[in-house]
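Sequence lines, in order, name chains A and B.
This note's numbering puts the first residue of the first sequence at 1, with every later residue one more than the last.
This note's numbering puts the first residue of the second sequence at 1, with every later residue one more than the last.
These are computed hints drawn from the structure, not numbers from a lab.
Do not take every clue at face value.
Pulled a few chain A residues facing chain B out of the computed Cβ check, cut under 10 Å [what the hints assert, rightly or not]:
#, residue
1, Val-38
2, Lys-112
3, Thr-565
4, Ile-566
5, Phe-569
Backbone N, C-alpha and C define an ideal beta-carbon position, used for all residues, glycine too.
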Amino acid sequence: MRNFNIIVVGGGLAGMRALIEGNRRNLKVALFSKVHPVRSHSIAAQGGINAALGNHPRGFNDSVEKHAYDTIKGSDYLADQDAVIKMCTEAPGRIYEMEHWGCPFSRAEDGKIAQRPFGGAGFPRTCYAADRTGHMLLHTLYGQVVKFEHWAERGETVVMDEWLVTAIAMDEGTCVGIVALDLASGRLEAFHSDAVVFATGGACRIYGNSTNAVINTGMGMAVPYWAGVPLKDMEFIQFHPTTLYGTNILVTEGARGEGGFLLNNKGERFLANYPDSKKAMEVAPRDIVSRNIIREIEKGGGFPGGYILLDLRHIGARKIMERLPGIRELCMNFAGVDPVEKPVPVQPGAHYTMGGIDTNPLGECKIKGLYSAGESACVSVHGANRLGGNSLLETIVYGKIAGESAGEYVVGKGSAGPSYEKVLNNTLKREGEKLDRLLKSNGKERMVILKEEMNKTMAEKVGIFRDAEGLKDALARITDLRDRYKKIGLTSHGRSMNQEMMWTIELGGSLDVADAILRGALARKESRGSHFRKDFPKRDDGKWLKHSLAYYSEKGAVLEYAPVTISKFQPKEREY
Amino acid sequence: MAVFFKILRFDPESDKRPRFQKYEVPVRKGMTLLEGLFYIQERVDGSIAFRASCRAGVCGSCGMLINDSFRLACETQIETLKRTEITLRPQPHLPIIKDLVVDLRPFWGKFKSVKPYLLARDQPPAKERPQSQAERVRINNVSDCILCANCYAACPISGTDDEYLGPQALLQANRFLADSRDGEGDMRMDIVEGENGVFRCHTAFACQKACPKDLDPSESIADIKRKITLRYLKRRR
């Protein structure tokens, strides 16, 4: 059995940052990812990453405290304030570090890192590399991983790409390793590790109308969930206001930060007509803009099919080509529209899971030896609504912290008890039997049918506006799908690179995560951030200023609640 | 409307040699090749294998040969090909793992061999290293590569010479040679000036044609040659 000190699951920004931190402590680290690290969804982040650097002339007065305040207000006060303050304090250091590692940030005239305005932020605070910020950060970090690989004399850094982790192994309440499926061969293998870090990204592919990469199934959240780790605040799903009509491909908030307008079918900037967005207009936070787009469409201000327009023409060709070249390319390739000449049809789409694997501000889960960071985790720094530019920041701040915590745990813990090998072999056996059953099953249910019903149900009933009736109906449907999943069968029975098998395994995870989202949403009888209940349209701090924790059970998630950490900023009504 | 996808199939577990298989795919307006491939995998033949992730032309997973042109399946709309039969093949000159999925280890090996990370000479300052906008523009295109390996698969020299670094690795080398913050230009030039480096390029320009992001590795290769020649002349003086 192969042994490591730290296994990181997930090869995006948070995962690679955690890996580097472990390796810097001279530990033997391995990164398992179901895709090659540079194919991770971090690559698709466009607009930027927040830090109060004060590089913009108008950002002269910016500070860590103001960044924290904006984040907490943006979260509708559900974020844990100690975690937010930590993130905002660490932000400049982490960004300078990425710059020192070679990240090609766009530059201001004085040669400093350029910053642009973003939604919900008091100052231009979002550092960027044109509209390819995720791409540049991810390639920079992968370069660092390659550097550590070059320096590894005895395999201290190992990247295992195209391995799908299907289970963690637990020895008396402590995580002792993982079982993973080598996609190329279709064989399962168990790996011992002193600590495991989950950095597997979000789950928005549960929705049909999503900006996410197809890999974002939520399987990475499901694996620790099955092992007993609660998922926190899962009802909070962010809908990004501007995704291409039809394909839901992301159009960065930077497009509005750079001055883009949202127009209804009369050509009006309709956000002025809604009280919560009349001042900040296009750069109000995402939850508010998305809601007002839907309200405008429902009032008859949209275009047939359900979209509005993003107009960039007045920004001018030069600025578009310089600061939004990738957006222009996406609009031309996928919508057939050149934003220099014509407005772009856009609609909101499921974009980000604010919730995730419950961790504390050290990145630790409730299970010893298990850690999480990035979108898969919920510390919580985003609360009920994330601000644009804070997700990339969370990946590198909390990726580092989780790697550090795991490293310190490994150094302090001494060698594993003798029983880990038995436990891992048992887990491997159990996973092997499950896989054999799936491959041999003559069940009549098909992956694609169940997936599409899940996608449709979530998009229609668990979207931007929710109510008890719709949520109950959706819960009944998802429960039915979870039942039918037990009777699923494959059409392809080979093992090597059997992607039907891979997607089917992951669908099991998606359905259980969907169930957690739904039960959280049904229980939360208030409107906060991205979670808007038509039947309870007000925020209710008296009853609901608390985190929800969903524990896995075969019958469906069991909910508990935990207090929110409030230190500096008392909850107030949000206005922009 | 419907079109036929003619796909190269090969499963080393069971096949002696590759074969083509035809699938009928119903097409809607705006539908991409990647969506067509998912249609086949989900509804017609679950055994077919291909790579995909972002489905928006940025992650570089789905580079392949589409009617003899190198493209990304995700950003190619079926209608724009104006054919009723579309031939899909994996990237050539790389071992096939299954169907359209190739073993990219040779490609990654070369990518890594040019040290794809910034190596500065000085200690980092407390804040960012300043870089002027003019200096930043010099790394504009070279840093936009999505590592899809289409250029590598298209290059006739890479296809016949396992040792040649190939267009992507050379573009990657220039990404750091062109970066004002990098301090190891000499070492980088040493890596790429040998017999498997820039002078091995025959300027067939296949890389330029194959790049889905309209980047030009051949330009980077010419640029590096110029830098190496200048260094040689300076050293002679």
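- Hey, does the Phe-569 (chain A) contact hint survive, CB to chain B under 10 Å? With a minimum Cβ separation of about 28 Å from chain B (threshold 10 Å), the hint on Phe-569 (chain A) is violated.
- Task: Under 10 Å, Cβ to Cβ, is where Thr-565 (chain A) needs to be relative to chain B, so tell me if that hint holds or is violated.
- Result: With a minimum Cβ separation of about 31 Å from chain B (threshold 10 Å), the hint on Thr-565 (chain A) is violated.
- Message: Given Val-38 (chain A) as an interface hint, is its Cβ closer than 10 Å to any Cβ of chain B?
- Response: holds, 5 Å
- Task: Under 10 Å, Cβ to Cβ, is where Lys-112 (chain A) needs to be relative to chain B, so tell me if that hint holds or is violated.
- Result: holds, 6 Å
- Task: Verify the interface restraint on Ile-566 (chain A): the C-beta must sit less than 10 Å from at least one C-beta of chain B.
- Result: Since the shortest Cβ distance to chain B is 32 Å, the answer is violated.
Checked against the numbered hints given earlier, the structure breaks hints 3, 4 and 5 and satisfies all the rest.
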